[in-house]
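K.L.:
With the hints as your guide, set chains C and A onto chain B.
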Amino acid sequence: MRLVHNITASLALLLIMPGIAFANKPTDGGYWLQDAATPVMEELTKLHNFVFWIILGITLFVMVMMGWIMFRFSAKRNPTASKTTHHVGLEVAWTIVPIIILLVMVVPSMRLLYFQDALPETEMTIKVTGNTWNWEYAYPDHPNVESFISNPLEKEDAGDLYLLKTDASLVVPVDTKIKVLITSSNNLHSFAVPAFGIKMDAVPGRINETWFEVNPGKEGTYFGQCSELCGVNHYKMPIEIEVVSKEDFQSWVANDGAFTTAVVSYDNGSIVLQD
Amino acid sequence: MAGIGYDDHDDGKPGFFARWFYSTNHKDIGTLYLIFGIISGIIGGYLSFMMRMELSEPGIQIFENGHAYNVFASMHGLIMIFFMVMPAVIGGFGNWFVPIMIGAPDMAFPRMNNLSFWLLPVALICLLISFFVPGSASGNGFGGGWVMYPPLSTSGAPGPAFDFIIIGLLAAGFSSIFGAINFITTILNMRAPGMTMHKMPLFAWSVLVTAFLLLLALPVLAASLFMLFTDRIDGGTGFFDPAMGGDPEMFQHLFWFFGHPEVYIMILPAFGMVSHVVSTFSKKPIFGYLGMAYAMVAIGVVGFVVWAHHMYTVGMDVDLKAYFLAATLVIAVPTGVKIFSWLATMWGGSISFSIPMQWALAFIFLFVLGGVTGVMLANAGVDVALHDTYYVVAHFHYVLSMGAVFGIFCGFYYWFGKMSGYLYNKWLAAAHFWLFFIGVNVIFFPQHFLGLNGMPRRYVDYPQEFELWNQVSSFGAYITLAGVGFFLLMLVEAFIRKRPAGANYWGDGATTLEWTLSSPPPYHQFNTLPRIEQNDEH
Amino acid sequence: MAGHAVEHDYHLIPPSPWPFLSGCAALVWGLGMVTFFAGLVDRTGSSPMAEWFFANGLDTLKSSLTGDGSLSGGWIILLVGCLFAAYVMYGWWKDVAAESAAGDHTPVVDIGLRYGMIMFIMQEAMFFVGWFWMFFELGLFHKVRATWNPDILENAAGYADSMAPGVTSVDAWHLPLMNTLILLLSGTTVTWAHHALMHNDRKGAKWGLFLTIALGIIFTWLQLIEYAELFHLRESGHEAWIGNNAYGSAFFMATGFHGFHVLIGTIFLFVCWVRLLKGGFKPEKHFGFEAAAWYWHFVDVVWLFLFAFVYIIFAMNGVAH
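Chains as they are written, first to last, in our numbering: chain B, 1 to 275; chain C, 1 to 538; chain A, 1 to 321.
Chain B on its own, in the form it takes in the complex (with noise of 0.2 Å):
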């Protein structure tokens, strides 16, 4: 028995935290979700993990009972078939076994979605278009912050994280409901952040909205990918967020959008500022 709880304790832990290191952008070889980032995040990464569970049992069920059928049943082991083509009891159950299943199911789903939908008071608004093909950033909450454009790197500036990185990240505080408006220049494009669990469609004529906030302590940059075909150039408009402490939100912005310093690195989940 100590065995076998063993075994599925530590299947668990691989099948629910596989990244223990970096991992606000894609593991490398990576099977799961990316490390959430916000309280939505979260809250999608419980209810993945907590279907993720229902299907799994309900494969191994099928599985196994397939696999029971197939020996028991066999020709070699069973010459003669039976006749049986109803039993009202057993329609009965398959029917509303699932629909149980699926009412369990659907409780913790209606929450998440709600909770990531209904927009909460929020303190600060970006706003993003996608042009082809790149991401346009604003900060209509700070009108001394000009509006950029974040153009992805090629191979030789953005080393191993090509196709991630671009020239310009979006900078945002730590801990802040942040708004995000989200429309498109010309074709669609999808603003998409895995850590902060976020995905909405970019579309010509509309603006969309959804929101994101990053725990304290998860100050870094973190990834995303334009998730909406947009033509040739669809797999190279990179999206760059880099979260910041507060302080450093306010001097940044203080400084018309600068970094008084230059960055050396922002490994660790801080920025670590040239002196």
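Hints in this document: simulated from the structure, not taken from any laboratory. As the structure is a computational prediction, the values presented were derived from the model and not from experiment. One or more hints might be untrue.
Simulated DEER-style distance windows between Cβ atoms [unchecked claim]:
(1) V318(C) <-> N151(B): 32 to 38 Å
(2) C82(A) <-> I96(B): 56 to 62 Å
(3) G279(A) <-> F17(C): 32 to 38 Å
(4) P14(C) <-> T188(A): 43 to 49 Å
(5) P14(C) <-> G279(A): 29 to 35 Å
(6) K282(A) <-> I96(B): 53 to 59 Å
(7) V104(B) <-> V6(A): 58 to 64 Å
(8) A93(B) <-> M198(A): 56 to 62 Å
(9) L489(C) <-> M70(B): 26 to 32 Å
(10) D104(A) <-> W427(C): 47 to 53 Å
(11) Y46(C) <-> M70(B): 31 to 37 Å
(12) Y46(C) <-> G73(A): 33 to 39 Å
(13) H87(B) <-> E533(C): 23 to 29 Å
(14) T188(A) <-> E533(C): 48 to 54 Å
Glycine is no exception: its CB is placed at the ideal position from the N, C-alpha and C atoms.
P.N.:
What follows is chains C and A alone, placed relative to chain B:
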């Protein structure tokens, strides 16, 4: 009814050209459809193989640019759906076996049946032309995805390439509409004496439901294609142009109102075929026949009111999303009924694992896998993380590339002897099955990981973190290709060796009417209509 | 057993060239559609021959309507495709009429034809569902769209009010009302023809059908007059032109496709009329005629919906004339 012989000296067969080009015979037209499906499958498979090769490592290796890749991806989708799966399941097997199963001598409108077929090569020619004419500024062909969302399909693709696709899809659409009218009329009006609706084989039921879905969904696609067509004309309409007060998202609603029933159009006939195969090789009648038939009807009906679950991220109202979430989950119930009924059919049976049964068992297992990830995606909240990622690609390939296609192969091996009159080589068929089964799983299972990890769809190049699973996935493409090779080899071998197949080469389990006829059946069967006994216990 | 006498009433048809030729016609027609509306080659002047045939034909039409530009042949392939299709239709229809006269349409086949026609009309109805869906979306939710984001669009002002309810629509109580009455009247004449045919009053049937066809043609003619009027008004602030805004688009495409179906219905009735003149149809068996009548009534119903929603309800606030 035993003893319907095969009289080959005066079969009323016309000469070659009249027989194959001017055909009014449901079996010949079915054969044409199947050949057409195989050819399209090879073209569509080639496109997907090239994509897999491109994605086997980061960087752009094969394609000129992202547009060329998008063209391949778009055409792969369109060709596989409209020119491989649909012609094979509905045109091919439907034409061949629906009339026979219900005891009819032919389809209701034999001439219109042939029109349905001949519109398809026309449509395919239009699609193939579009590869070679200007699409957008980035190159030839149309790269807006099989879903053809504007503005990428209007202002984003100014060249005639997309106009050819519209014309091609309209032709394919009319082909299917005429086919649907034909099947509905045949099934409602031409059942043999005693063949009540509730005695009709499940394959005929599945085609009936499918035909209604086609009849009601395709005209809406036709309307939305016309809207795209006129939107593209200089000085034309502005349905999807916000500058003229139009709405690009409206196309998505119209498209998915067609597109969601379309996925059931592809899978329902496979359900029907798998039911027959499971019953035949378990030597048991179908368990819960009525439940099976009405589960398909339920899937068809509910399929019309869940379309916007393809659009959770377009910025819909949250209450609408909640409705589509709930409605989508409902589909799991009739689908579950079908899965469990298949298992119950096998329970207590005397199962022989012939090739068609292997495909059927694999179908059930893989369809469950694809189905449960569908349940995951139905949750609008979770879908935000998974929408337009490889998780979705994996999901719909599990239900289509493994559901519909395994259903097709299942039916193909089940009826191959009946259609051709020859037996296939078991070893070649087994090699085909196992290579294909392993291959597609190696291709698509890792794509769940890619999707969870955040890799978006329709990317010609990707960050290096995604390399591992892409490599694995591309490796699966080689295995699958080998499997397809064995399929073609099996075909060639069977037609060279010409091992004759008996009238009922599957034995006691095969009880539908086609097994009372010779293999292949006479040119016109049932000159005397069969009579179905009244005391059948369904 | 094969080769022995056929003992059922179903209609087995010998090989027929028409489906295959229909496919060929569809291919030519498709090429013609793309050539006419999109153009296979650009008009650069480098290869005049190819451009004369394969450059956008609609441009030529537009420039000749406005009085400048030379004629070119971008419409030829489309015309050939249409003629080809018409020829196939003629041949196919002739075969069916001959089979009917030869008694191939037994009662069971007749029921099949009825099913087929009902299904065909169902799919036509779904086609119009698409157009009405579009129209209602534009009519009901224009305010939502207009308030989204006027600031990012270049022509924000025009955008904001272009979909105001009933922007300069066509006055329902002029030509459209006339057309409604014409179609309703044609519904009665076709019923008259039907009853006459059932009572073997062939003269009455011929007249009833003739009047129906005439009314159909008048309807189409009036519709063309309405379009021509809108065309002339399109630059004087009149918004209901196809290329001016989404409302105009929905108006033109919905009424246009209805007009196209009126045309098909008229041809269908005309074919029946010719068959009638040639002595076809019997009092107890005339499904070709009934199918045409069903189709005509369907077209009539679609018009009533168009009249009620497109012309009246969504055009309450602003009328052009």
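K.L.:
Could you work out which earlier hints the structure fails to respect and list their numbers in ascending sequence?
P.N.:
none
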